[in-house]
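Line by line, the protein sequences are chains V and L. Note that the first sequence covers residues 256 to 651 in the working numbering. Note that the second sequence covers residues 140 to 536 in the working numbering.
What the hints contain is simulated information worked out from the structure, not anything from laboratory work. Some clues are possibly wrong.
SDA-like cross-link-like pairs, simulated, lysine to any residue; straight-line CA separation at most 20 Å [what the hints assert, rightly or not]:
| id | chain 1 | residue 1 | chain 2 | residue 2 |
| --- | --- | --- | --- | --- |
| 1 | L | K519 | V | G610 |
| 2 | V | K469 | L | Q349 |
| 3 | V | K304 | V | V339 |
| 4 | L | K244 | V | Q314 |
| 5 | V | K462 | L | F395 |
| 6 | L | K519 | V | L611 |
| 7 | V | K591 | V | R436 |
| 8 | V | K462 | L | L352 |
| 9 | V | K475 | L | K438 |
| 10 | L | K207 | L | Q515 |
| 11 | V | K462 | L | L435 |
| 12 | L | K438 | V | A490 |
| 13 | V | K288 | V | R436 |
| 14 | V | K429 | V | D563 |
| 15 | L | K519 | V | Q314 |
Values in this document were obtained by computation on a predicted structure and should not be read as measured data.
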Amino acid sequence: MNRRDFLKAGAAVPALSLLPEALLAETTIQENKNKFPHALQPKMDGDVKVFELFIDIHQQEIVPAFKFHTLAFNNQVPGPEIRVQQGDKVRVIFKNKTELNHTIHWHGLYVPWRMDGVPYVTQMPVMPGQEFVYEFVAEPYGTHFYHCHWGTLLHMQSGMYGSFIVENADDPIKKQFPYEREYTLLYSAHDTNFIRNELNGMLERMKERMYLMKNGRFDKERFGVFDTKEEFVKAVENGYQPPYVVNRRAPSELPQPNWFTVNGKSYPFTPNLYIKEGESIRVRLINGGTEEHYLHLHGHDFWLVADDGVPVPQPWQQNTLRLSPGKTLDIIIEGKNRGIWTFHDHDTRRVTNNGLYPGGNLLALVYEDMPAEEAGLGMMAKKMGLKSLPIVALDE
Amino acid sequence: MLKLRWFLILFVVFIGANGRTLFAQVSPEIQLGARGVMSFNTNVAAHEATSAVNDFSDTGLLLGFRQKLYNRFRGQLVIGMQFPDANSDLGQVFFHQTFLRVEDKSNILKMGRSRVRSALIEFPTLRDDDALYFTDVLNPFSSGENTEDNQYGNVFELAHIFGQRTWLRVHGEHFTETPVLPATTETDFSLNAIGFSLQYRVPETQIWNQPFLQQIGIGFNNFLTDRPGYTSQTDKMLKNISVSTILNLRPDPVHFWDFRVQGIYNAGFREIESAAAFGEFARAKATAGFASLRYLYRKLERPTLQLALSFGYKTFPDLLNNTDQLQVVANSFYRLGENFDAGFQVQYSRNNGDLAGLFGESETRFQFGLVYAIDQSWNKQFSDRNSLLNLEHGYIP
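In isolation and in its complexed conformation, chain L is listed as follows (with noise of 0.2 Å):
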């Protein structure tokens, strides 16, 4: 076992140093990413004393290398850190992605902390998290001490592009269970959730094709959970299911308009009827739908003010208790200089019945916000994916 041990120790360290010998001239595109988010936000709560709080959450780095490897294909590794919502208990960064990528023209693979593919669309509000409830498969392993939990997790994802447009992704995830096990404990890291989706979408660069239909897609998200008192797998598993579309309702290049619409259901465990822990609410058969209508003025080839008005509404059927929830959300932005953005948002959200209990009965939420965002490149080797000249004059890898 030694001897096996000092060969790998050899292997590895001759593998490095014949890396660095061989093929110092190959430095990778080095890719940077970073987004600050500032708000103050002011909640006003039912039953409760209104509360004031300076929130930089959602704030993140990301450190993105990638190269072309032999052949046709592309390797990357990214990892990032953002700071959580405060009282998350995932200390003061939480590393969100750490994953490695490899793909090629029509096929990627993904390998490791990342994004989970609990939503199909993303939605225009100032955090990715504002309308978690209805935006998102949720994570029936957590406890909803924090919203990451539904969010990210471990992933291995295969992902086949059908020309251009149609995706076709199989994921599995290991969705973190929350509270974390002390450190002593064996840690299960196994996929606990698998799932596929189907997507036909438009990529951003040929927005001024003008396509009214920008995206529609569908999703399965299944959890393979402990369910008490089943023994097949198939009654352990927890069925969601999603649909979404985008639609460019005047795709005009100075004043622009889209609406997307998100549905979920989740099929539930027909033994849930009460919700009194976040576990159960992310259990108990669902619907839930969310919708955002979009004006953006773009003045100089570039967003200058951005407003959207969305609503969602989430009902329980099984539960006793007549619950459901909605959420409306109003926000805008206006670009104060290069992706520099001063962002006023209001949400209020309303759960009734057992939601009421475990989430509050009600809350309005004023928020003013500056959002900085930047993504850059050094060392670039090659054109995305998704370039016009990749997409309209013929791929090159």
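Bound conformation, chain V alone (with noise of 0.2 Å):
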């Protein structure tokens, strides 16, 4: 390939892959199902749903050209979605594959404490190539979400987070707003330089940490883990340096994300929102990253209907919203508006690529009914050589 081959390539495929036409076509709309997360299905055992996660080390490609090594539940970032009825018995076998500590902490979910993944309160961490079962009834309803409790500043944005949907057949937002479809858009910031230093760094210690353990040589001051505040008190006295003082390895900033992602990936390769007029879908918006997300609907108002989980009594219309770290939040869309409409978060720092504007959590809600000639372009867009309107491009 030339240069001059090199550079139209380039130019071609996101533009085309991104035109109102190839939204509308209907190969695209069921690609874009595959933009969300996959359905873990269970196994029975008895009466309990048994299902099965694994973390191993990843490459996730956010965009084309950009990939970064992660931390995925069963190959996938985010991990894959745990849906049940409430109050089916659960149980989740959990193995780690990787070289580091993890747990598995259930997020809004009513779990017994010993079920709850945080590491030394609940459970000890599960440990390079052990298994933990976790056991538990699904409850409360709602829209929820699971993460790894260990390291959870690195392993939670280098993408350990997946849905965790509790569903109820008497779904009081169901009943005031009908629906067919629903979406689940998981939301996280990465700073993919830290998850890679940090990352190195925790692989080379386990790695030194293991052989030590393996031959019965546990250290609690190598391993900055202690039996009780005096006893790590009279370490401190006794010469005990903690690594916040001078044993750092880690960078010592914190991260500053420079990726954010909608379902593991970013614009232009974000999940659309379909919807037909007159119809109306649901949004089930997780944040499992450490930035506030301030997600604004071009075009509409929707109704917030659930928070954490918790239908709110009292439904509300509003075109922008706050989506914490940590927090769940359920939309009704109403398709009363056609066209193709962005949702993106409004502190357009968020809205970016490694930097570079427009990127990020951008996506699109698309009415899928949308007669095509309604995405015809202007003149100056046939001036330009395009074939049709692109509602999205790679630069200001």
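Assemble the dimeric complex from its two separately framed chains, guided by the hints.
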């Protein structure tokens, strides 16, 4: 490929795939379904739904030509969706295939405390090669999620999060806003440089530590793990230097995210929300990252119907919501204004890819029954040599 | 000619301005390496008065910039300066590193002033040149006035990595000729050495995979000399062969032991039967061996105490005056803080035959020193080739 071909190909690929005509094509609509978390199919053990999750290191391509190493449940970022009925007995067999420690915290679920996934509080970390079985009853209903609770700052933004949906046959939201289709959107923010440096450092440390542990040479000071506060204070008095003083090998700066994803992808490969005129759709929004997102939908108000999975007593309309870290919000969008509408973070620093606008968590609400001729383009676009009006582009 | 020059100037300005406008977002990784080595030396030499020196040689600063290039490549610029040995005739500051490097996953191209490939492995001594006559192939163009002549040169090097651990390097160097010619004389920077090496080595990041064999290698260094009386390039070539290995005797994270050894065979020029000058010393047939046994105590996942005992022996079979030399180096380093060590080293060297006249009969040197070495990066953009993610979980350019 010569330079001219290279430039032509580079410019054509992203633009063509995002033309309105392409957005309305049946193949695009079908492919878009793969941009939402796949539901993990359980095996039944009596009346218990058994799910199998494993964690491994994986390469995630956020957008073409940009990959980074992630921690991925079942080789997916986000992890597969676990969807059960309220009151179901759930067993999750969690296998750690990495050389790092992990746990799983069931965010928003009323699990027994020993199943809560907080290392050294409710359980020991799940160490390399180990398996841990979580068992609980699915309560309460609503939109929840799961994530790693070991090295949370690193492990969550490395990809260890997934949706956990508890359905209720008498869901009041569905009664009030009848809908057929629903979408799950998991937001996250990633400092890929922090992730890379931290993962490399932790992998090196863990190789060393696992060798010592296998040989029965656990050293409290080396691991920074003490039985009591008094024991820790005494160790410091005897000359122990805690990691936060001088032994720190991780970057001293807190992460500054440079990639913002929805379901593990950044614009222009974020999922789109398809709707038809007169249809209502439910969108489950989950923030598995460290940043706040101020999500704004163009051309519509939506109904905020659930907060942290709990139905709000009086849904109210708005066009911008605040999705804080750890928060889940459910909204209902009514198809009342035909077109293609962007749905994006109004803190536009998060609508960037590695600092370049546009990118990040930008996505679109697309009326799939919109006549193709409405996607026609003006004279200027024709002069630019475009076949149709591109709703998105890669440069300002 | 004038038009061409103006065109070039305008072109460069245009490129510069355009670059600033279009690619303002691309800021490089910035790397800073600094090493301070300060020691108080007491030298006890045969037939000479005992001397004491406050020595800060080997102290240096390295500044690096690197960034992703198009496709899979990365580019890097390194500029470094070092304080050379006293009386080295290199000035107060010596720019020992000034090179550009382009690399991808398996290939490296390096051009510029840098460390020459005169040794396959490094040894645990206080300074890089403490055992230079045993650990490095020596520069036959040098007057011996300084050790840097043997360590740094103008380098052109291509490396290819097979798999992750087998390195093939082909290199050409211009080794410094000393004494340096007057500035008014046309200076020749043509290649005066070529060589290649093949090494198997385990990346440092995988040391806790518990490998016994850390490194094994062989290298060839050939100097293109002006050997008097010979016209054939083959006959004028001074040939050196090096072999080395590092064995992790006990790759334990707390009590770590390793052993390393390197041998250098210098085929020499048979007409050299005495060594009254450094040039003859470097061109005489010789076999050198240097070995180190090292113990490293790592208390909290960082080096705390290191003890090393090294021994070197070199023999010159063609020199008529029964010439050989030996060196013993013992040292210990204790970590005072992150990257900051206190060290004590004692080294004994003995020179027999011709070398007694060249370097003195024997010397015992006691050194108490402080060493501070940092290696910091900002605006990091990618993993190193040998990061565990890249090695064990798929390389990302």
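Okay, the hints, checked on the actual structure:
The suggested pairing of L/K519 with V/G610 holds, with an alpha-carbon distance near 14 Å, which does not exceed 20 Å. Between V/K469 and L/Q349, the direct Cα distance comes to roughly 13 Å. Compliance with the 20 Å bound is thereby established for this hinted pair. Restraint check: the Cα-Cα separation between V/K304 and V/V339 comes to about 8 Å, which is no more than 20 Å; the hinted pair holds. Taking the CA atoms of L/K244 and V/Q314, the gap is near 17 Å; set against the 20 Å cutoff, the hint holds.
At most 20 Å may separate the alpha-carbon atoms for a hinted pair to count; V/K462 and L/F395 meet this at roughly 15 Å. Annotation: proposed proximity of L/K519 to V/L611 holds, straight-line Cα distance about 17 Å (limit 20 Å). Distance restraint check for V/K591 and V/R436: the Cα-Cα separation of roughly 16 Å lies within the 20 Å cut-off, and the hinted pair is therefore satisfied. This hinted pair checks out: V/K462 and L/L352 have alpha carbons roughly 18 Å apart, not beyond 20 Å.
Using a Cα cut-off of 20 Å, the hinted pair V/K475 and L/K438 holds, with the two alpha carbons roughly 12 Å apart. With a C-alpha separation of about 19 Å, the suggested pairing of L/K207 with L/Q515 holds against the 20 Å cut-off. Between V/K462 and L/L435, the direct Cα distance comes to roughly 18 Å. Compliance with the 20 Å bound is thereby established for this hinted pair. Taken as a hint, the L/K438 and V/A490 pair is honoured in the structure, with Cα atoms around 14 Å apart against an allowance of 20 Å.
Between the alpha carbons of V/K288 and V/R436 the distance comes to roughly 11 Å, so the proposed pair stays at or under 20 Å and holds. For the suggested pair V/K429 and V/D563, the alpha carbons sit about 17 Å apart, so the restraint of at most 20 Å is met. Proximity of L/K519 to V/Q314 is assessed by CA-CA distance (about 19 Å); at most 20 Å being required, the pair is judged to hold.
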